[in-house]
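Trainee: In case you want the letters, here they are:
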Amino acid sequence: MTFLLLSALTLIQTPSQWVLDSSTLRFHVSHPLHQVDGVSHAARGRGVCQARSCVFLIAVPIKSFDSGDSNRDLHMLQTTRGGQFPIVTVRTQLPEGATRSDTVYADLEIEFAGQTAHYARVPFHVVMDGDEARVSGTIPATISDFKIDRPTLLTIPIKNEIPVYVESTWHREK
Amino acid sequence: MSSRASGCTRVILFTLALSGTLRAQGTLSGTVTAPSGAVVPNAKVSLKRIADGLTTETRTDSGGSYKVPDLRPGDYELSVAAEGYRPSTVTVTMVAGVNQTNDVQLRPLLSLEDLGFSAAQTRGSAEEQARLDKRSHMLKVHQRLGLITAIPLAATVITGTFAGGRATTSTTRDVHAVLGSLTAGLYFTSASFAIFAPKIPGTRVHGPIRLHKALAWIHGPGMILTPVLGAMAFAQRSRGERVHGIASAHSVVAVVTAAAYGASILSVSLKF
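Protein chains in written order, with our numbering: chain A, 985 to 1158; chain B, 144 to 415.
Next up, chain A with everything else stripped away, as it sits in the complex:
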């Protein structure tokens, strides 16, 4: 799941669109025998700024995550109901003047595995460079938020917490 942030003061006041150039999304799964990271670079995103706010949508196919083991990735696909719900989406809206600092707090609406979960005030670090923005942060997702059965290995289940680390680069379209 990718999430982008833009310096609200700079871009919200001017009608504009933002486009996701590149991203790295990494989910982390903990098990006593294994620590697993699944990585995707296939996210797509766009932001539309209106009078008083910017609306963002980011989406990534679940199949695009690679943990280094195709058997595990297929099991993850099955467990997260990826056959029926192949895309993870993240929506957020930033009000005008959301922040004047390098850290933006965003309320996220995430659709995953056929469920919708809300995360309030998730901090993201933003670095502006002209019309380019680099955004990074961690989404504190859990398996139970999306009503997913916890997978097991040798009858031991994985941890409920599956934080998602986000790094993304955006550019503004005029």
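Incorrect hints may appear among the rest.
[What the hints assert, rightly or not] Result set (SDA-like, lysine to any residue): computed pairs, CA atoms no more than 25 Å apart in a straight line:
| # | chain 1 | residue 1 | chain 2 | residue 2 |
| --- | --- | --- | --- | --- |
| 1 | B | 191 | B | 246 |
| 2 | B | 283 | B | 262 |
| 3 | B | 277 | B | 191 |
| 4 | B | 283 | B | 357 |
| 5 | A | 1158 | B | 230 |
| 6 | B | 342 | A | 1158 |
| 7 | B | 356 | A | 1116 |
| 8 | B | 283 | B | 354 |
| 9 | B | 283 | A | 1021 |
| 10 | B | 277 | A | 1048 |
| 11 | B | 210 | B | 181 |
| 12 | B | 277 | A | 1098 |
| 13 | B | 187 | B | 210 |
| 14 | B | 277 | A | 1134 |
| 15 | A | 1047 | B | 313 |
Note that these hints are calculated values from the structure, not bench results.
Remember, predicted model here, so these are calculated numbers, not experimental data.
Mind docking chain B on chain A? Use the hints.
Mentor: Below, chain B without anything else, positioned relative to chain A:
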């Protein structure tokens, strides 16, 4: 007197006309919601009478509800706009004296199509999910049976160290043979779940699973050869002979098979 009477008459007639007009008017109300079902407060609601372009505007309240009273019969264009959503426009026909309800669900400003995803990419498939479910279920059975098989396999190897040689008894050999048969039965049952689990098209096989599958080419044939050689050795010993010929390879093949089997379990259990 007559002027007063005509004045009263005009008032009465006017009142009657007015009440008739009011009875002919209606109220349009409704609730504005987001795709998630959440209400949308402070949405701008515009109602334009198509006949003459007369427009009435209002906003939804905290509960997402709007209400536009005193509408004459006719066609209207109902437009709803809110930040973060696409504007919505529908045509509503007001009927004389009838109050109507028109709920509006707004669409998000951005959709997956705006990101360049095709319908095929975003559309899920119950059939594919069923295939994934069946695959996971069968591999889960394979995993559990495989772990269970390790127990009689270990017992077979241990009893095998006492089953060979001249000083062994037929009882020891019988126990070893029974354990071996049990191991073989569980092994091939476990293997069948892995072999016949549905394959998922378009998947590139990579990671520890490749080693796990490669080791199967060692312990698979070994699980066939070991009982065959074991049966030959059993027959020789039962006739009072020393184990000789190809039957003497039984223990070596069995140990290699067991080692490959153990490595196969470890390849998908531990991170190397």
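Trainee: Now tell me, hint by hint, if it's right for this structure.
Mentor: Structure-based check of all given hints:
1. 191/B x 246/B: OK: residue 191/B and residue 246/B at ~17 Å, within 25 Å.
2. 283/B x 262/B: Since the Cα atoms of residue 283/B and residue 262/B sit roughly 33 Å apart, the hinted pair is violated (cutoff 25 Å).
3. 277/B x 191/B: Outside the cut-off at roughly 56 Å; violated.
4. 283/B x 357/B: Within the cut-off at roughly 19 Å; holds.
5. 1158/A x 230/B: holds, 22 Å
6. 342/B x 1158/A: violated, 47 Å
7. 356/B x 1116/A: Answer violated: residue 356/B to residue 1116/A is near 47 Å, above 25 Å.
8. 283/B x 354/B: Holds - the C-alpha atoms of residue 354/B and residue 283/B are around 18 Å apart, at most 25 Å.
9. 283/B x 1021/A: With a Cα-Cα distance of about 22 Å, the restraint between residue 283/B and residue 1021/A holds, given a limit of 25 Å.
10. 277/B x 1048/A: holds, 21 Å
11. 210/B x 181/B: holds, 18 Å
12. 277/B x 1098/A: Roughly 19 Å between the alpha carbons, so the hint for residue 277/B and residue 1098/A holds.
13. 187/B x 210/B: Given that 25 Å is the threshold and the Cα spacing comes to 12 Å, the pair holds.
14. 277/B x 1134/A: holds, 17 Å
15. 1047/A x 313/B: violated, 57 Å
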